[in-house]
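Here the sequence shown stands for residues 5 to 191, where the numbers follow my numbering.
Some hints could be false.
[Stated by the list, open to error] Using 27 angstroms as the maximum straight-line C-alpha spacing, the simulated BS3-like pairs for lysine-lysine come out as follows:
#1 Lys85 <-> Lys122
#2 Lys85 <-> Lys95
#3 Lys95 <-> Lys56
#4 Lys29 <-> Lys122
#5 Lys85 <-> Lys56
#6 Lys29 <-> Lys16
#7 Lys122 <-> Lys95
#8 Lys16 <-> Lys85
[Unchecked claim] Using C-beta positions, here's what the derived DEER-type ranges look like:
#9 Tyr32 <-> Asp106: 12 to 20 angstroms
#10 Met60 <-> His83: 16 to 24 angstroms
#11 Pro33 <-> Gly99: 34 to 42 angstroms
#12 Arg19 <-> His42: 20 to 28 angstroms
#13 Tyr90 <-> Asn18: 17 to 25 angstroms
#14 Lys29 <-> Gln119: 14 to 22 angstroms
#15 Arg68 <-> Tyr90: 29 to 37 angstroms
#16 Lys85 <-> Gln64: 20 to 28 angstroms
#17 Ala98 <-> Glu65: 21 to 29 angstroms
#18 Ile77 <-> Lys45: 17 to 25 angstroms
Source of the hints: derived by calculation from the structure; they are not laboratory data. Small disclaimer: the values here were computed from a predicted structure and weren't measured. No residue lacks a Cβ here, since even glycine has one placed at the ideal position from N, Cα and C.
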Amino acid sequence: SDYSVCITALVKENRCYVTHVLRQKLDYPDLRRTAIEHALKHRADALIIENKGSGMQLLQEFSRGERGMPTAISFTPEHDKVTRMYAQCAKIEAGQLFLPRDAPWFAGFRTEVLQFPKGRYDDQVDSLSQLLTWVGERNAEVRFSADFGYGDYANRAVLTPPTAPPMKPNVIISTVRNGRSVNIPPE
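Hey, can you work out the whole structure from these sequences and the hints?
Right, here's the structure in full:
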């Protein structure tokens, strides 16, 4: 079976701050349990689910509107994975995607993205393209909460409190120039 991937992100306007990547091989009962636990742990407001394979059953269960559960958003892929990711490259090149430097999942995620489409796996890339597509298409801002090292944000559902100091998360900004990945040092 393929890997199931869940990318957790804080989204502000068109900027996407990836806070966590979950990548596991799961059968349906474990997928359902893991999706619920992960959504509650990260206090997600929305859960993008591919309307294909086991995602169809997951969408049916999440659409029941259980109290405390995030809104299920059905994503029906159009075109092949390469075309879908290519359509999102401009957002990455424009600096709209931020990744934490020291995340335990970062090395594997980066390797898969840089090897795409010639690499062995593409599940994380596909999940990323779906997230970036949704960010570009959403009509209303959906808020996610995250702690970027300032513990006082951990229990707040807002992205940037009016009195909060500017956030400076540890991120690597990477772009592709002339077919090569180039890291841009943070300001």
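Hint check against the structure, violated hint numbers in rising order
6, 9, 17
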